[in-house]
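Quick note, the sequences are listed as chains A, B and C, same order. In this text, residue positions in the first sequence follow the working numbering: the first is 1, and each later residue adds one. In this text, residue positions in the second sequence follow the working numbering: the first is 1, and each later residue adds one. In this text, residue positions in the third sequence follow the working numbering: the first is 1, and each later residue adds one.
It is worth saying that the hints were derived from the structure and are not from the lab. Hints should not be assumed to be uniformly reliable.
[As the list claims (entries may be wrong)] Just some of the chain C residues that point at chain B, by a computed CB distance under 7 Å:
1) 35
2) 36
3) 66
4) 96
5) 98
6) 109
7) 110
8) 122
9) 145
10) 149
11) 301
[Unchecked claim] With a cut-off of at most 25 Å between alpha-carbon atoms, the simulated DSS-like pairs for lysine-lysine come out as follows:
12) 350/A - 23/C
13) 23/C - 204/B
14) 108/C - 52/B
15) 42/C - 23/C
16) 42/C - 204/C
17) 301/A - 260/A
18) 42/B - 204/A
19) 42/B - 184/B
20) 260/B - 52/A
21) 301/C - 23/C
22) 52/C - 23/A
23) 23/B - 42/B
24) 52/B - 42/C
25) 108/A - 52/C
26) 14/B - 184/B
27) 350/B - 52/A
28) 52/C - 350/C
Heads up, the beta-carbon is just placed ideally off N, CA and C, and yes, glycines get one too.
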Amino acid sequence: MKRYSLPQFLAITKEQQLPLIGKNSILYAEQFDRSQLDHYCKVADACRIIHKTDAGADLLASLLRHRTALNFFVQPSSRTFLSFSAAQTILGMRRMSLRDLKISSMSKGESLVDSIRTFMSYVDMIVMRHEDENAVKAAFWISWNSERRLLVGDGEQMVPIVSGGAGTEEHPTQALLDVYTLQKSFDQHGGIAGKTIMMVGDLKRGRTVRSLSYMMRHYPGVRLIFAAPDRYQMSADVCTFLDLHSIPYSCVDSIDDGIKDADAVYMTRIQDEWDGLAASDGHVATPERFRFGLRHLDMLKQSGCLLHPLPKRDEIDEAVDYSGDGRVVYWRQERNGMWMRVAIIAALFKADAAILAHAYPIH
Amino acid sequence: MKRYSLPQFLAITKEQQLPLIGKNSILYAEQFDRSQLDHYCKVADACRIIHKTDAGADLLASLLRHRTALNFFVQPSSRTFLSFSAAQTILGMRRMSLRDLKISSMSKGESLVDSIRTFMSYVDMIVMRHEDENAVKAAFWISWNSERRLLVGDGEQMVPIVSGGAGTEEHPTQALLDVYTLQKSFDQHGGIAGKTIMMVGDLKRGRTVRSLSYMMRHYPGVRLIFAAPDRYQMSADVCTFLDLHSIPYSCVDSIDDGIKDADAVYMTRIQDEWDGLAASDGHVATPERFRFGLRHLDMLKQSGCLLHPLPKRDEIDEAVDYSGDGRVVYWRQERNGMWMRVAIIAALFKADAAILAHAYPIH
Amino acid sequence: MKRYSLPQFLAITKEQQLPLIGKNSILYAEQFDRSQLDHYCKVADACRIIHKTDAGADLLASLLRHRTALNFFVQPSSRTFLSFSAAQTILGMRRMSLRDLKISSMSKGESLVDSIRTFMSYVDMIVMRHEDENAVKAAFWISWNSERRLLVGDGEQMVPIVSGGAGTEEHPTQALLDVYTLQKSFDQHGGIAGKTIMMVGDLKRGRTVRSLSYMMRHYPGVRLIFAAPDRYQMSADVCTFLDLHSIPYSCVDSIDDGIKDADAVYMTRIQDEWDGLAASDGHVATPERFRFGLRHLDMLKQSGCLLHPLPKRDEIDEAVDYSGDGRVVYWRQERNGMWMRVAIIAALFKADAAILAHAYPIH
Numbered sequence: 001m002k003r004y005s006l007p008q009f010l011a012i013t014k015e016q017q018l019p020l021i022g023k024n025s026i027l028y029a030e031q032f033d034r035s036q037l038d039h040y041c042k043v044a045d046a047c048r049i050i051h052k053t054d055a056g057a058d059l060l061a062s063l064l065r066h067r068t069a070l071n072f073f074v075q076p077s078s079r080t081f082l083s084f085s086a087a088q089t090i091l092g093m094r095r096m097s098l099r100d101l102k103i104s105s106m107s108k109g110e111s112l113v114d115s116i117r118t119f120m121s122y123v124d125m126i127v128m129r130h131e132d133e134n135a136v137k138a139a140f141w142i143s144w145n146s147e148r149r150l151l152v153g154d155g156e157q158m159v160p161i162v163s164g165g166a167g168t169e170e171h172p173t174q175a176l177l178d179v180y181t182l183q184k185s186f187d188q189h190g191g192i193a194g195k196t197i198m199m200v201g202d203l204k205r206g207r208t209v210r211s212l213s214y215m216m217r218h219y220p221g222v223r224l225i226f227a228a229p230d231r232y233q234m235s236a237d238v239c240t241f242l243d244l245h246s247i248p249y250s251c252v253d254s255i256d257d258g259i260k261d262a263d264a265v266y267m268t269r270i271q272d273e274w275d276g277l278a279a280s281d282g283h284v285a286t287p288e289r290f291r292f293g294l295r296h297l298d299m300l301k302q303s304g305c306l307l308h309p310l311p312k313r314d315e316i317d318e319a320v321d322y323s324g325d326g327r328v329v330y331w332r333q334e335r336n337g338m339w340m341r342v343a344i345i346a347a348l349f350k351a352d353a354a355i356l357a358h359a360y361p362i363h
Numbered sequence: 001m002k003r004y005s006l007p008q009f010l011a012i013t014k015e016q017q018l019p020l021i022g023k024n025s026i027l028y029a030e031q032f033d034r035s036q037l038d039h040y041c042k043v044a045d046a047c048r049i050i051h052k053t054d055a056g057a058d059l060l061a062s063l064l065r066h067r068t069a070l071n072f073f074v075q076p077s078s079r080t081f082l083s084f085s086a087a088q089t090i091l092g093m094r095r096m097s098l099r100d101l102k103i104s105s106m107s108k109g110e111s112l113v114d115s116i117r118t119f120m121s122y123v124d125m126i127v128m129r130h131e132d133e134n135a136v137k138a139a140f141w142i143s144w145n146s147e148r149r150l151l152v153g154d155g156e157q158m159v160p161i162v163s164g165g166a167g168t169e170e171h172p173t174q175a176l177l178d179v180y181t182l183q184k185s186f187d188q189h190g191g192i193a194g195k196t197i198m199m200v201g202d203l204k205r206g207r208t209v210r211s212l213s214y215m216m217r218h219y220p221g222v223r224l225i226f227a228a229p230d231r232y233q234m235s236a237d238v239c240t241f242l243d244l245h246s247i248p249y250s251c252v253d254s255i256d257d258g259i260k261d262a263d264a265v266y267m268t269r270i271q272d273e274w275d276g277l278a279a280s281d282g283h284v285a286t287p288e289r290f291r292f293g294l295r296h297l298d299m300l301k302q303s304g305c306l307l308h309p310l311p312k313r314d315e316i317d318e319a320v321d322y323s324g325d326g327r328v329v330y331w332r333q334e335r336n337g338m339w340m341r342v343a344i345i346a347a348l349f350k351a352d353a354a355i356l357a358h359a360y361p362i363h
Numbered sequence: 001m002k003r004y005s006l007p008q009f010l011a012i013t014k015e016q017q018l019p020l021i022g023k024n025s026i027l028y029a030e031q032f033d034r035s036q037l038d039h040y041c042k043v044a045d046a047c048r049i050i051h052k053t054d055a056g057a058d059l060l061a062s063l064l065r066h067r068t069a070l071n072f073f074v075q076p077s078s079r080t081f082l083s084f085s086a087a088q089t090i091l092g093m094r095r096m097s098l099r100d101l102k103i104s105s106m107s108k109g110e111s112l113v114d115s116i117r118t119f120m121s122y123v124d125m126i127v128m129r130h131e132d133e134n135a136v137k138a139a140f141w142i143s144w145n146s147e148r149r150l151l152v153g154d155g156e157q158m159v160p161i162v163s164g165g166a167g168t169e170e171h172p173t174q175a176l177l178d179v180y181t182l183q184k185s186f187d188q189h190g191g192i193a194g195k196t197i198m199m200v201g202d203l204k205r206g207r208t209v210r211s212l213s214y215m216m217r218h219y220p221g222v223r224l225i226f227a228a229p230d231r232y233q234m235s236a237d238v239c240t241f242l243d244l245h246s247i248p249y250s251c252v253d254s255i256d257d258g259i260k261d262a263d264a265v266y267m268t269r270i271q272d273e274w275d276g277l278a279a280s281d282g283h284v285a286t287p288e289r290f291r292f293g294l295r296h297l298d299m300l301k302q303s304g305c306l307l308h309p310l311p312k313r314d315e316i317d318e319a320v321d322y323s324g325d326g327r328v329v330y331w332r333q334e335r336n337g338m339w340m341r342v343a344i345i346a347a348l349f350k351a352d353a354a355i356l357a358h359a360y361p362i363h
């Protein structure tokens, strides 16, 4: 395999990186094909089910009991951080965390590259969130080029790097949990293929809706509706991609305009922290016609579902949160994320087969 | 059961809330009756004893090995935080913590209500400390109204909420550990009933002495002595309560004036952080006549005991800390708190019976 | 044993303290004799080897499964913190951490002495890093004078205190891991005795090179070369010590001047945080002649090794980091540190015998 220097690796395209990443790390939503998506969903379901019994939970907690995870989160996050943490404990992993650069050796002038290689000395997996997307790519390169190798199954492998969100673009495990939630929601309704998904809000900067759009190429017949103010509409690069893969999409100017056609509504928050407004107390208000209220539940198909990657702000009426309506799945979506992360981590350490064997014993 | 909206729930009185809380959560010292107090003390004792053997410690560590606790502490605290953490590890719980709102999604404009519901997606119990007492009440309401339910024993229950201190008033597990410490101290002297307890210091704002006063209604014959500067004397509401329950009390103007009559001396710190002085380096000095020194140990009954909820400052002479006098129980009081929290958490998950069965096997 | 007050204990010399510390705590590199060094290295090796199998890792994780460690790190550190954390998880310890005084009761005016005694109520070992070296000594004194005792083996012992770095001088576990790394590097070359070790960089303030120099008295025939700018040369107190123990040393003015004679090169970073420069972005640049580059690898003996306590900055060329040269051992040095800390902690709790018995069974 050709060796790249770190600057060379950061300079090549994502497509050139993908074959190098293989199954050793999770960096991009683009790295999953349909069979992997189906496999991860199946493993996530198996984990969820077997964890309900002591025997199943004991099995899960034994699988990675001698593996140590580091959750290295430089950007603010409690949701993704807790979700990964919970997933790791379910698999019995030992956990450590770093959430503040001020308490690290970087205050003594150490480079991020050295810090990551140091962390790698102590742990068997790094989950990393960083505002600079190159930081997570660099972590992969460091692990690949470090001499430290883990014995996994019959072979050796590098310390896996899992992106917990990198820059404005990449959040691959969020994309996986969105797919998993859609699949579970449509489980009794023929699956994701052929469904119409309306995405609402800040489509321009929301990495979840961008990723989800890309991933829909794996599900034949899906149609997309983009409901957003002009300034936050879906970017041209995504639209070009959809055209290329013959995925139909339309743009509408309110939830009302699209909801009757939608099987799933995927709400998003206006990402004003990227406007440099995060530090101020003021947030950009969501225009009324892009806010989801109780009346929209009346308009939504009975087989439909309402998703949101969370955190949310004013784009969903509080009454919807506690409506008790089974189509409101965004809280379960969070727990789905935990199970999906259990599945991903198990697969990285080749422990997925044992989970499936326990969940679906062969007679 | 009647449904309340969150604002309605926050608006009803504590007495109206109590029947809703039941045995699902720990919010108020007032929720415990005498039989519960005795039960918790018995379970705490059992935990303390069986943990001394590997078999007992292994049993304890197996009881909640598949349950996850979140310690969500917004207010400064290391004592209560570590005490709960230690209790959870003793029961084998998986632990996560959040101690800083800056690293959470609240920096993206998420409401506290949404954050708590999110945390609830990942964990099976939330221990919460917050400067706003409504925050902990809200957490209870959210859990009650969320769809997430845990299988415990033969039934389903909400994710338990445990107050680790809420606002200026509530700190129910501290009240429990104070009772437990008094009970242990008077174990060879007939128990708490009939004893005289002198409370010293900032009685007006000290939530521990207020709670403890209320709880004394469960112990017949107890007398209270309040030793405090006028401006920090016990509030009228507590005195009215004591009159109503025919609990005798008297006010004195120095430790010397009350110590000869006291079986227990309960010292407290002047809570100047509520004066808005906490950020400054200067603290309010405790008047000399309310400081406990070595000479007071000479005046204290041989069967007496000296408590303090800690942290302390200048109200106890350092020489008392390392006097080696067995009546100085405030350090043991801290460890008692840990065992009491083990008991509480075990009971919330119906694991207390297994503990008692191990500690007191029936022949 | 004579009792000292805390001020008295802090006032006596290190030599007077050493017999009091015994085998209960780790405060100074000076407390280890040669047989202890050899023993710790042997245990560390045993841990490293048996952890490769599930049976060995399970044994290790069972040894201290009912012991709780507190990592109380007031100074910035991620390396030492993670290393101790990883070591504790390997031994199955329950872990808690405090890294920020602002979230502790000290913000309510509690003394450090009280805080430490409080922490001791909940845990069975404290690893402590503090900028004030007296803080760690005080922790030892508190544990010694507290009534809390642990049952270990057949007897009782105080809660062990382990220094994770105290002030500008003491970092005993770093000294141990340096010795362990040298010993492993020279394993096939006759051990440390008789070797020539060149120390490079900030020898004046680098506590690692100072400690390592002192420890070389345990290895006959060792020679030292000090390569440093005049202002950072090794202090007179160390030189006096070396003269007293007849350890030959010489001072050189560049890496080039000493590298041909060196078996080991021990690089260090200019400790400009002690110059009060840490908060600024600017760091003191290392003079070119004290920077290690790829060309120095060509000059280094084939049986040689290159160490660095890390973090590093500009004193080693980045190309050396990823050269793949087996003599570059500073990354492995970090992992060695973790194994050494496993050994130390195991020994503090008398669990080292079980480790050696598993690693080297008697037939």
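Structure-based check of all given hints:
1. 35: Where the cut-off is 7 Å and the nearest Cβ of chain B is about 31 Å from residue 35/C, the hint is violated.
2. 36: This hint is violated: residue 36/C lies away from chain B, its Cβ roughly 28 Å from the closest one there, beyond 7 Å.
3. 66: 4 Å, holds
4. 96: Result: holds, 5 Å to nearest chain B Cβ.
5. 98: 6 Å, holds
6. 109: Holds: closest Cβ of chain B sits about 5 Å from residue 109/C, inside 7 Å.
7. 110: 4 Å, holds
8. 122: 4 Å, holds
9. 145: 5 Å, holds
10. 149: Check failed: Cβ of residue 149/C comes no nearer than 12 Å to chain B, outside 7 Å.
11. 301: Constraint on residue 301/C not satisfied, violated at 48 Å.
12. 350/A - 23/C: Roughly 43 Å between the alpha carbons, so the hint for residue 350/A and residue 23/C is violated.
13. 23/C - 204/B: 48 Å, violated
14. 108/C - 52/B: 34 Å, violated
15. 42/C - 23/C: Holds, at about 17 Å.
16. 42/C - 204/C: 31 Å, violated
17. 301/A - 260/A: Distance of about 7 Å is within 25 Å: holds.
18. 42/B - 204/A: With Cα atoms ~60 Å apart, residue 42/B and residue 204/A exceed 25 Å; violated.
19. 42/B - 184/B: Holds - the C-alpha atoms of residue 184/B and residue 42/B are around 10 Å apart, at most 25 Å.
20. 260/B - 52/A: 58 Å, violated
21. 301/C - 23/C: Distance of about 38 Å is beyond 25 Å: violated.
22. 52/C - 23/A: Roughly 23 Å separates the two Cα atoms, so the pair holds.
23. 23/B - 42/B: With a Cα-Cα distance of about 17 Å, the restraint between residue 23/B and residue 42/B holds, given a limit of 25 Å.
24. 52/B - 42/C: Violated - the C-alpha atoms of residue 42/C and residue 52/B are around 31 Å apart, more than 25 Å.
25. 108/A - 52/C: Outside the cut-off at roughly 34 Å; violated.
26. 14/B - 184/B: 30 Å, violated
27. 350/B - 52/A: Holds. Residue 350/B to residue 52/A sits at ~17 Å (cutoff 25 Å).
28. 52/C - 350/C: Distance ~22 Å between residue 52/C and residue 350/C Cα, so the pair holds.
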